[in-house]
Structures are given as C-alpha cells and as structure tokens.
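Student: Start from the sequences, fold in the hints, and give me the full structure.
2 protein chains.
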Amino acid sequence: MQRYFTDQPIQLQEVFSVTGDTFHHLVRVMRAKENEQAEFVAANHQVFLGKIKSIDEKSAEILPVKQLEHAVEMPIEVTIACGLSKGEKSEKIVQKGTEMGARHFIFLPTEFSVVKWPAAKIARKIDRLQKIAVGAAEQSHRAYIPTISYCGSLRELMQWPGKFKIVAYEESAKQGEHTQLHHQIAQMQANDEVLALFGPEGGLSTQEIKKLTDAAFISVGLGPRILRAETAPLYFLTAISVFTEMR
Amino acid sequence: MQRYFTDQPIQLQEVFSVTGDTFHHLVRVMRAKENEQAEFVAANHQVFLGKIKSIDEKSAEILPVKQLEHAVEMPIEVTIACGLSKGEKSEKIVQKGTEMGARHFIFLPTEFSVVKWPAAKIARKIDRLQKIAVGAAEQSHRAYIPTISYCGSLRELMQWPGKFKIVAYEESAKQGEHTQLHHQIAQMQANDEVLALFGPEGGLSTQEIKKLTDAAFISVGLGPRILRAETAPLYFLTAISVFTEMR
Numbered sequence: 003m004q005r006y007f008t009d010q011p012i013q014l015q016e017v018f019s020v021t022g023d024t025f026h027h028l029v030r031v032m033r034a035k036e037n038e039q040a041e042f043v044a045a046n047h048q049v050f051l052g053k054i055k056s057i058d059e060k061s062a063e064i065l066p067v068k069q070l071e072h073a074v075e076m077p078i079e080v081t082i083a084c085g086l087s088k089g090e091k092s093e094k095i096v097q098k099g100t101e102m103g104a105r106h107f108i109f110l111p112t113e114f115s116v117v118k119w120p121a122a123k124i125a126r127k128i129d130r131l132q133k134i135a136v137g138a139a140e141q142s143h144r145a146y147i148p149t150i151s152y153c154g155s156l157r158e159l160m161q162w163p164g165k166f167k168i169v170a171y172e173e174s175a176k177q178g179e180h181t182q183l184h185h186q187i188a189q190m191q192a193n194d195e196v197l198a199l200f201g202p203e204g205g206l207s208t209q210e211i212k213k214l215t216d217a218a219f220i221s222v223g224l225g226p227r228i229l230r231a232e233t234a235p236l237y238f239l240t241a242i243s244v245f246t247e248m249r
Numbered sequence: 003m004q005r006y007f008t009d010q011p012i013q014l015q016e017v018f019s020v021t022g023d024t025f026h027h028l029v030r031v032m033r034a035k036e037n038e039q040a041e042f043v044a045a046n047h048q049v050f051l052g053k054i055k056s057i058d059e060k061s062a063e064i065l066p067v068k069q070l071e072h073a074v075e076m077p078i079e080v081t082i083a084c085g086l087s088k089g090e091k092s093e094k095i096v097q098k099g100t101e102m103g104a105r106h107f108i109f110l111p112t113e114f115s116v117v118k119w120p121a122a123k124i125a126r127k128i129d130r131l132q133k134i135a136v137g138a139a140e141q142s143h144r145a146y147i148p149t150i151s152y153c154g155s156l157r158e159l160m161q162w163p164g165k166f167k168i169v170a171y172e173e174s175a176k177q178g179e180h181t182q183l184h185h186q187i188a189q190m191q192a193n194d195e196v197l198a199l200f201g202p203e204g205g206l207s208t209q210e211i212k213k214l215t216d217a218a219f220i221s222v223g224l225g226p227r228i229l230r231a232e233t234a235p236l237y238f239l240t241a242i243s244v245f246t247e248m249r
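Residue numbers (the numbering used here), protein chains in the order written: chain P, 3 to 249; chain H, 3 to 249.
In case anyone wonders, no lab produced these hints; they're calculated from the structure.
If you're wondering where the values come from, they're calculated on a predicted model, not measured in any experiment.
One thing to keep in mind: the hints can contain errors.
For chains that are exact copies, the list does not tell them apart, and a pair is met inside one copy or across any two.
Said to hold, decoys possible - In silico SDA-like links for lysine to any residue, alpha-carbon gap of 25 angstroms or less:
no., residue 1, residue 2
1, LYS94, GLY137
2, LYS94, VAL136
3, LYS55, SER151
4, LYS88, ARG5
5, LYS133, GLU90
6, LYS91, GLU203
7, LYS165, PRO77
8, LYS91, VAL136
9, LYS55, VAL17
10, LYS88, ARG157
11, LYS212, GLN182
12, LYS94, GLN132
13, LYS88, ARG230
14, LYS91, ARG130
15, LYS60, ALA121
16, LYS123, GLN69
17, LYS94, GLN141
18, LYS35, LYS118
19, LYS88, LYS133
20, LYS165, ARG105
21, LYS55, ARG105
22, LYS123, LEU51
23, LYS212, MET3
24, LYS127, ALA145
25, LYS53, GLU172
26, LYS133, GLY204
Tutor: Here it is as structure tokens:
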C-alpha cells in the first residue's frame, strides 16, 4: 500500500486534508478514488491507515481509520557521512541508505574527493537529495524521512556529539580485520546514536584516518572484499539491521 | 592495486603472458610500465602478485613474484535468482551482488515480471551481464567471477539441487517475521550451497510462494522495511557475510 508523509498531527477518526505533492501523487498519479485507502505518517512519526472521504480539485479529505503499530525504524539512530563522490553516487547512497534504515546523511569534502560542491549549489543539491529521501522513505515504508546535510570539513564532522563514531577503512579489511564492526555493534543499545564515515572513490588518506582515530573514531573493516564508495554504507546499515533487528 | 582474471595456470616465478582485454586495460588504460605490479587470478582461483617483465604491441610478460593468501570469498556459495525486472536493475544486481560476494546469478521470468527476455536476445544479455561481473569481480578483488545464467521458469528453478533454498518474501517482513533468516544462516556450514530467490518489482505472487514452500523453499523476511527488487539481494548477501565472515 502507498505511504505518504504529512507534516500534520493525525488522530484516529479526525479528518485531515492532503494537498500539494501528496495530493498530486495520490489522486493524479495513483488515481485513487473515494473510499480507497493509503498509509499516512503524522508529524510525530505515528503511522495511520487512512480512507479517502472526498476528493476536490486540489485537496482530498482523509479519515484515519486505524493506527499501524508495526515498527519499521532501526533501534539505532545511524548517521551516514560520506566524502563527496563523482556522478550520481550521492543520490544512490541516499536512496538505498534510506531503504536500509539510515536516519541522517552528511556529505563532506575529504582529501581524495575529486568533486566539490560549490557554495552556491549546496542548497540545491541538498534539496534534490532530500526529495530522493522522501521518495525512498515512502517506498520503503519508513516512519522517518532521513535528514540530509552538508559539512564543510572533516574537522567540523569530528565535533559530532553522539556516542559511537566509526570510520570504514579499506586497509582494515585488507589486513583481515573482521571483528571490530561486530564488536562495536554488540555494544550499541536502543536509541544510541552512531556516526559512520565513508571515504569517496579513492578512500580516506592515512593522515585522515590518523586524525579520526586520534579523535576517538573506531576504524572498522567491512568484510574481506573491496566495496565501492556507494556500496560500503549499505553493508554497514545491513550489519546493524542484522544484529539488532533479526534475532 | 589492480586485479585481473586470467584463464591460465599460474606458478611462482614462471613467466606468463597477458593479451586481449587484460593487456588493453593494464597497458593502455592504466598505462602500466615495466617493473610495475598488479594482481592476477589463476584459472584455479589462486591469486598472485605479478611484476611486468616486458611489454610488446599486443601482450605483456608477467613474472609471478608472490602468492596472496588473503581469503576474499564467502565460505558459503550463494546463488542469487531474480525475477526479471525493468530497466537496469539486473545490471545493478550483478554489479553490487558481485561486490557483496555472490557466486552465481540466475535470471528468470516470474508471474509479475513486466519485461521478458526474448529468446533471440538472451545470449547477448547474459554476455553483457557477464562482462559487468568481470569488472565488479576485479574491482572488489574477488577470486571468482560469478556465473550468469537464464532459467526459463520457476518450475525449472525448483529443480536446483543444493541444500538451502530460500525465498525472500515481503509479506514475511510485513508480518514481523524477523528470525527465519538468521535461523537458516546459523545452520549453514563452509562450502554449503544456497539458492536465494527474489521477486521482480511487484514481488512474487502468493501462488508462486505456495509452490515454492511446497517444494521445500524457506520463506524469509529481510527486516522490517520494504526493499526494492535490486536492494533485497544485497541485504541477503550482507547478512550471510556478517554472520559467517565478521566474527
């Protein structure tokens, strides 16, 4: 069933309206009719089954008939930080990472980044990635839309205040380091916040890794195969899901 | 370091030649010079560090100087079977699934497949996917190139002879089934063969699921979020990696 995010408080049996993009998708794209149903996420992330009561030119009236209690969010709040990569990699990371359960994405320039986001274009890039996050969150039936942000430097990222700070390091994998990721996840508890940093195509420099580990980042390998910049975050998110949601 | 697959037996200190695509990539694309090194995978999947002894117009002589022992292959031999999907999904599944460690890919028409592979085009499609597999296997430093094949029907797929037959079923996830995947993986031992079937965009039909479970396929959920057709195999492969390689 189609799911839509709203910025409204929703209460059972209290009719609310949808307009704008949601109305357009529901009525024009999906061609929904009166009495058909869809899922609606309230501003507080509760999810409701809603029945369409009436359809006007630019809005539809929705009656919330049931609250859905099925937990879809990961117990750990994961922030994925990525060095700026070429091409459409950031779009792919946001789309797939949203499906995989990430709560926040941060993009930042690192030493081996071959692209830059010019200051004048940052807002537009964030806006585009945010739209991709909304679509992926609806499609994967999330209760949260992940946030997207830009961070000017590694130094700034290192100020991140949460508990677990992790950096994925290819050399760890090559050296056969296979236990640190599991060890870190085993220490995480519900509602813990985790930041995981991934390099761009060329990875992170040894100097960057040194700065990060000096700043209490834990360097982890992601299995014995070399993963692309846009694949590594998916491995990490799945590992968290597997260890915290699958047993 | 760049890695290349060869179809040759390779032995330490015994010079061999590379030609064709490998020569082209090594010498023309990477502009490698004499005395530089790359990794070469022998026909028997052993991996060697090789030094370039000499470069001619169409071939290069390589001296294997060291055998690399670092295990990169998953202990479980995973076959990913996918219902035919639209667009470039099959390419993405092969590229990312190869990075994630799959050993075989099978594509087949299922009830909700909206595309078909016409008989006249199957060989060309397989050939294209096989090239993508080679590139991804080299990039991710695999010791095996995954095989690609086409299967005419679900009935035919059900004859697959290996030990573990799994089907990913979205409804299992929606119903909160979170333990079966881990339960199955926990029973797997080194060198076991596993077939995992994934539906196309619309998933598999309830009839297909019934036929499969009647034929001893185990239906598993892949976490609480709804994954796209091309994302689900990556979740499955990572789960196998995490449980068998990361501890």
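Student: Hints first: check each against the structure and report whether it holds.
Tutor: Outcome of the hint check:
In the homo-oligomer, the alpha carbons of LYS94 and GLY137 lie at most 25 angstroms apart both inside one protomer (12 angstroms) and across protomers (19 angstroms), since each shortest distance falls under that limit. Taking identical chains as interchangeable, the C-alpha atoms of LYS94 and VAL136 lie at most 25 angstroms apart whether they share a chain (13 angstroms) or sit on different chains (22 angstroms). Taking CA atoms no more than 25 angstroms apart as the test, LYS55 paired with SER151 passes in neither setting, with 38 angstroms inside one copy and 50 angstroms between copies. When the C-alpha separation of LYS88 and ARG5 is checked against a cutoff of 25 angstroms, the pair qualifies only between copies, where the shortest distance is 22 angstroms, while the shortest distance within a copy is 31 angstroms.
Taking the shortest Cα distances, LYS133 and GLU90 sit within 25 angstroms of each other both inside one copy (14 angstroms) and across copies (22 angstroms). For the identical chains of this complex, LYS91 and GLU203 are neighbours both inside a copy (10 angstroms) and across copies (22 angstroms), given an alpha-carbon limit of 25 angstroms. Only within a single protomer do LYS165 and PRO77 lie at most 25 angstroms apart by alpha-carbon distance; the minimum there is 14 angstroms, versus 33 angstroms between protomers. With identical chains, the CA atoms of LYS91 and VAL136 are at most 25 angstroms apart both within one copy (17 angstroms) and between copies (21 angstroms).
Taking the shortest Cα distances, LYS55 and VAL17 sit within 25 angstroms of each other inside one copy (8 angstroms), while across copies they are farther apart (77 angstroms). For a Cα distance limit of 25 angstroms, the shortest separation of LYS88 from ARG157 inside one copy, 22 angstroms, qualifies, whereas the shortest one across copies, 43 angstroms, does not. Taking CA atoms no more than 25 angstroms apart as the test, LYS212 paired with GLN182 passes inside one copy only; the shortest distance there is 17 angstroms, against 41 angstroms between copies. Taking the closest pair of Cα atoms, LYS94 and GLN132 come within 25 angstroms of each other both inside a single copy (12 angstroms) and across two copies (23 angstroms).
Proximity of LYS88 to ARG230 under the C-alpha cut-off of 25 angstroms is found in both arrangements, the shortest distances being 12 angstroms within a copy and 24 angstroms between copies. For the identical chains of this complex, LYS91 and ARG130 are neighbours both inside a copy (13 angstroms) and across copies (22 angstroms), given an alpha-carbon limit of 25 angstroms. Taking the shortest alpha-carbon separations for LYS60 and ALA121, neither the intra-copy value of 36 angstroms nor the inter-copy value of 48 angstroms comes in at or below 25 angstroms. In the homo-oligomer, the alpha carbons of LYS123 and GLN69 never lie at most 25 angstroms apart, since the shortest distance is 40 angstroms inside one protomer and 48 angstroms across protomers.
In this assembly of identical chains, LYS94 and GLN141 lie within 25 angstroms of each other by CA distance both inside one copy and across copies; the values are 15 angstroms within and 19 angstroms between. In the homo-oligomer, the alpha carbons of LYS35 and LYS118 never lie at most 25 angstroms apart, since the shortest distance is 46 angstroms inside one protomer and 32 angstroms across protomers. With identical chains, the CA atoms of LYS88 and LYS133 are at most 25 angstroms apart both within one copy (19 angstroms) and between copies (23 angstroms). For the identical chains of this complex, LYS165 and ARG105 are intra-copy neighbours only, at 15 angstroms inside a copy versus 38 angstroms across copies, given an alpha-carbon limit of 25 angstroms.
With identical chains, the CA atoms of LYS55 and ARG105 are never at most 25 angstroms apart, being 33 angstroms at best within one copy and 51 angstroms at best between copies. Proximity of LYS123 to LEU51 under the C-alpha cut-off of 25 angstroms is found in neither arrangement, the shortest distances being 38 angstroms within a copy and 44 angstroms between copies. For the identical chains of this complex, LYS212 and MET3 are inter-copy neighbours only, at 22 angstroms across copies versus 47 angstroms inside a copy, given an alpha-carbon limit of 25 angstroms. For the identical chains of this complex, LYS127 and ALA145 are intra-copy neighbours only, at 24 angstroms inside a copy versus 38 angstroms across copies, given an alpha-carbon limit of 25 angstroms.
For the identical chains of this complex, LYS53 and GLU172 are inter-copy neighbours only, at 23 angstroms across copies versus 50 angstroms inside a copy, given an alpha-carbon limit of 25 angstroms. Only between protomers do LYS133 and GLY204 lie at most 25 angstroms apart by alpha-carbon distance; the minimum there is 23 angstroms, versus 28 angstroms within a single protomer.
Violated hints, in rising order: 3, 15, 16, 18, 21 and 22; the structure is consistent with all others.
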